[in-house]
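Chain B: place on chain A using the hints.
In order, the protein sequences belong to chains A and B. The working numbering puts the first residue of the first sequence at 5, with every later residue one more than the last. The working numbering puts the first residue of the second sequence at 10, with every later residue one more than the last.
The hints are simulated quantities; they were obtained by calculation from the structure and are not laboratory data. Beta carbons are placed, not taken as given, at the ideal position from N, Cα and C, and that holds for glycine. Do not rely on the hints blindly, as some may be mistaken.
What the hints assert, rightly or not - Below, a sample of chain A positions facing chain B; criterion: calculated Cβ distance under 8 Å:
| id | residue |
| --- | --- |
| 1 | G45 |
| 2 | L46 |
| 3 | M49 |
| 4 | S52 |
| 5 | I124 |
| 6 | L128 |
| 7 | L218 |
| 8 | G219 |
| 9 | Y223 |
| 10 | N238 |
| 11 | L241 |
| 12 | G244 |
| 13 | T257 |
To be verified - Computed far set for chain A versus chain B, every beta-carbon distance over 12 Å:
| id | residue |
| --- | --- |
| 14 | C19 |
| 15 | L144 |
| 16 | L187 |
| 17 | D243 |
As the list claims (entries may be wrong) - Covered, in the sense of this in silico footprint (three residues per stretch, anywhere, with C-beta under 8 Å from a C-beta of chain B), are these stretches of chain A:
| id | stretch |
| --- | --- |
| 18 | 95 to 109 |
| 19 | 112 to 121 |
| 20 | 264 to 271 |
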Amino acid sequence: MFRGLWRSVGFLFGCALFFGTLLLALLAPAFMTLDVGRRVGLAYMPPSREHWLGTDHLGLDMLSLLVLGLRSSLYVGLLAGSVATVVGTLIGVYGGYKGGLLDDVLTVLTNLFLVIPTLIVLILLSGSLEEGRSLTLIALLIGSTTWTWSARAVRAQSSSLRARDHVALARINGYGTLHIVLLHILPYLLSYIFMVFILQTASGILTEASISMLGLGPYDSISLGTILNEAIRNEALGDGAWWAFVPATVLVTVIAFSLYIINTAMESVFNPRLRK
Amino acid sequence: MLQNHPTLKHVFGRAGWYFITFLVAITINFFLPRLGDSSPVDLIMARAGSNLDAATAREQEETYLLEFGLVQTDPSGKILRDSAGKPLRTSLLAQFGRYLELSLRGDLGTSILQYPRRVGDIISAALPWTLALQLPTIVLGWIVGNLLGALAAYRGGVIDRVLYPIALLTSAVPAFCVGILLVYVFGIQLEWLPAVGGYDEGMLPEASWSFIASASYYYVLPFTSIFVIVVGHQAIGMRSMCIYELGTDYVKYAKLLGMNERRIVLYMFRNAMLPQLTGLALALGAMVGGALVAEMIFSYPGLGMAILTAIQGNDYPLITGCTLLITATVLVANFAVDILIGLLDPRIRSGRPSAGPTGGDTSQPGAATGADAPLMAVR
Numbered sequence: 005m006f007r008g009l010w011r012s013v014g015f016l017f018g019c020a021l022f023f024g025t026l027l028l029a030l031l032a033p034a035f036m037t038l039d040v041g042r043r044v045g046l047a048y049m050p051p052s053r054e055h056w057l058g059t060d061h062l063g064l065d066m067l068s069l070l071v072l073g074l075r076s077s078l079y080v081g082l083l084a085g086s087v088a089t090v091v092g093t094l095i096g097v098y099g100g101y102k103g104g105l106l107d108d109v110l111t112v113l114t115n116l117f118l119v120i121p122t123l124i125v126l127i128l129l130s131g132s133l134e135e136g137r138s139l140t141l142i143a144l145l146i147g148s149t150t151w152t153w154s155a156r157a158v159r160a161q162s163s164s165l166r167a168r169d170h171v172a173l174a175r176i177n178g179y180g181t182l183h184i185v186l187l188h189i190l191p192y193l194l195s196y197i198f199m200v201f202i203l204q205t206a207s208g209i210l211t212e213a214s215i216s217m218l219g220l221g222p223y224d225s226i227s228l229g230t231i232l233n234e235a236i237r238n239e240a241l242g243d244g245a246w247w248a249f250v251p252a253t254v255l256v257t258v259i260a261f262s263l264y265i266i267n268t269a270m271e272s273v274f275n276p277r278l279r280k
Numbered sequence: 010m011l012q013n014h015p016t017l018k019h020v021f022g023r024a025g026w027y028f029i030t031f032l033v034a035i036t037i038n039f040f041l042p043r044l045g046d047s048s049p050v051d052l053i054m055a056r057a058g059s060n061l062d063a064a065t066a067r068e069q070e071e072t073y074l075l076e077f078g079l080v081q082t083d084p085s086g087k088i089l090r091d092s093a094g095k096p097l098r099t100s101l102l103a104q105f106g107r108y109l110e111l112s113l114r115g116d117l118g119t120s121i122l123q124y125p126r127r128v129g130d131i132i133s134a135a136l137p138w139t140l141a142l143q144l145p146t147i148v149l150g151w152i153v154g155n156l157l158g159a160l161a162a163y164r165g166g167v168i169d170r171v172l173y174p175i176a177l178l179t180s181a182v183p184a185f186c187v188g189i190l191l192v193y194v195f196g197i198q199l200e201w202l203p204a205v206g207g208y209d210e211g212m213l214p215e216a217s218w219s220f221i222a223s224a225s226y227y228y229v230l231p232f233t234s235i236f237v238i239v240v241g242h243q244a245i246g247m248r249s250m251c252i253y254e255l256g257t258d259y260v261k262y263a264k265l266l267g268m269n270e271r272r273i274v275l276y277m278f279r280n281a282m283l284p285q286l287t288g289l290a291l292a293l294g295a296m297v298g299g300a301l302v303a304e305m306i307f308s309y310p311g312l313g314m315a316i317l318t319a320i321q322g323n324d325y326p327l328i329t330g331c332t333l334l335i336t337a338t339v340l341v342a343n344f345a346v347d348i349l350i351g352l353l354d355p356r357i358r359s360g361r362p363s364a365g366p367t368g369g370d371t372s373q374p375g376a377a378t379g380a381d382a383p384l385m386a387v388r
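So that you can see chain A by itself, here it is in the shape it has in the complex:
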């Protein structure tokens, strides 16, 4: 099954792109000094030999800002993606396998919160959390509003597994729920859950960027979204200071695009009916 993945051009390309940005975020501090604490020049200085991406509206080094922003955006995405996937998987697997009253309640709740737009809930929440809006809190909030989608997707899969023969055999043999879920249901869902995780991570990064652009970003960190927000608020577009927003835009796009094609490639490998 996994051999198919390594032969898929889309998967390899997506992985190369994503791990490229990940390496950039992790390794850049080892090769350069990140300095965003002081002004290194005038406002919106174009790229030069000392400052590869010029300066922002305050005269801070754009490249350092960008690397820090990339780190926070990836952090938010991975954290929000993990929360949404873990919570969604727990609820989805339990509900799908067990059924019963608790499952009904959970399904109703899931469907309820599925139609209420995530962005709206986040805007409302962010407003009242004015002072304490840290990067981690934002990631947790995003995760706790997007789990509904993973729960629904995983539940559908696990309830179809429930009717399989090997699960019935395990039940007849007297194994407990935990044993069956861990050994006979989850392994079949792993590739699917991984795909959910990838999409939730991409969505987490985009959501953070969106709310930061609206001016509701973290107060304690620089993210790609806050860089864009500052650039737009401070007339970078009108001043033609492309270095203040094009690199951040491209980075967000590259991350979202790479995760998206990884997901699409996995889907066509694992679901042969979608292949021609």
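Just chain B, lined up with the frame of chain A:
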């Protein structure tokens, strides 16, 4: 009686379900912004208060307290006071009751930032811009995207190899990134099109030809930024739906029978369309919300700008007014498509009673179309 009318039963069931969802949404809408402890009256007073003497300030404050329903009144509308002469504050629950009553009557309250303008007036000035920008763009993009997707799947070959990667790219690019790049390249570098605003600055919105001409000129860039994404998104969904349908037994059987090619395509298209309708619901639902960021970049005078200025100025009545409207739109769009799908697909209206508001999973091959859901939410 309803047992004999599955369609009616379906409609009523869904209507009840959406009503409950709306109640939950309106509750969230009221309580979430009030988790913090800032009161609108304190905000207005902080804005205006410093140059007033104490007596006028107190009088002002009491007018505002009354206006926002924060103090208890007797039936004649006079403020009730405690023994020290201080106004009695209403409980949060009583405020919620008043809020529910007013909202259901369509009264969204008073803006803080643009006091004394009504929230309803601000929204109804902004809403037409958002609708005019989003509705045609999404519907047109949906049609074009589905046609291209079906074409790519059915014809394959060069068309597919060119269309598919392009669609993948445009559907994965966040809306605001397309917006920023378009503004920069066409609006500022090349100066082909106006970069920001909804119409010429020297004009006032009116029903004249010159105004319409100006507005359509400003329409091009925001339209393109949303259109490209919708087309990409829908084309990919439709393409995988069609490929899935091509592999089904009924298509193979029809081909074996030597059925007319065009007829097979027609059957296939009909079946592949169903999940795409859900996609349309999601897109229309995300419409007003998705406008936020796009409108911010283009400084388009719609709801997005209204909510943005509201957020920057802590204008809670305006924020909650906008979010309530957006939530209601999303619910109505979902409801409409639910009903439509129920009418078109007998499996859904007769089947699973407690399936969620966005319809059953019956017609989805794996994660082919549902998988895009979290990404849709952002746009």
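task: Hints the structure violates: just list their numbers, smallest first.
output: 1, 2, 3, 4, 9, 10, 17, 18
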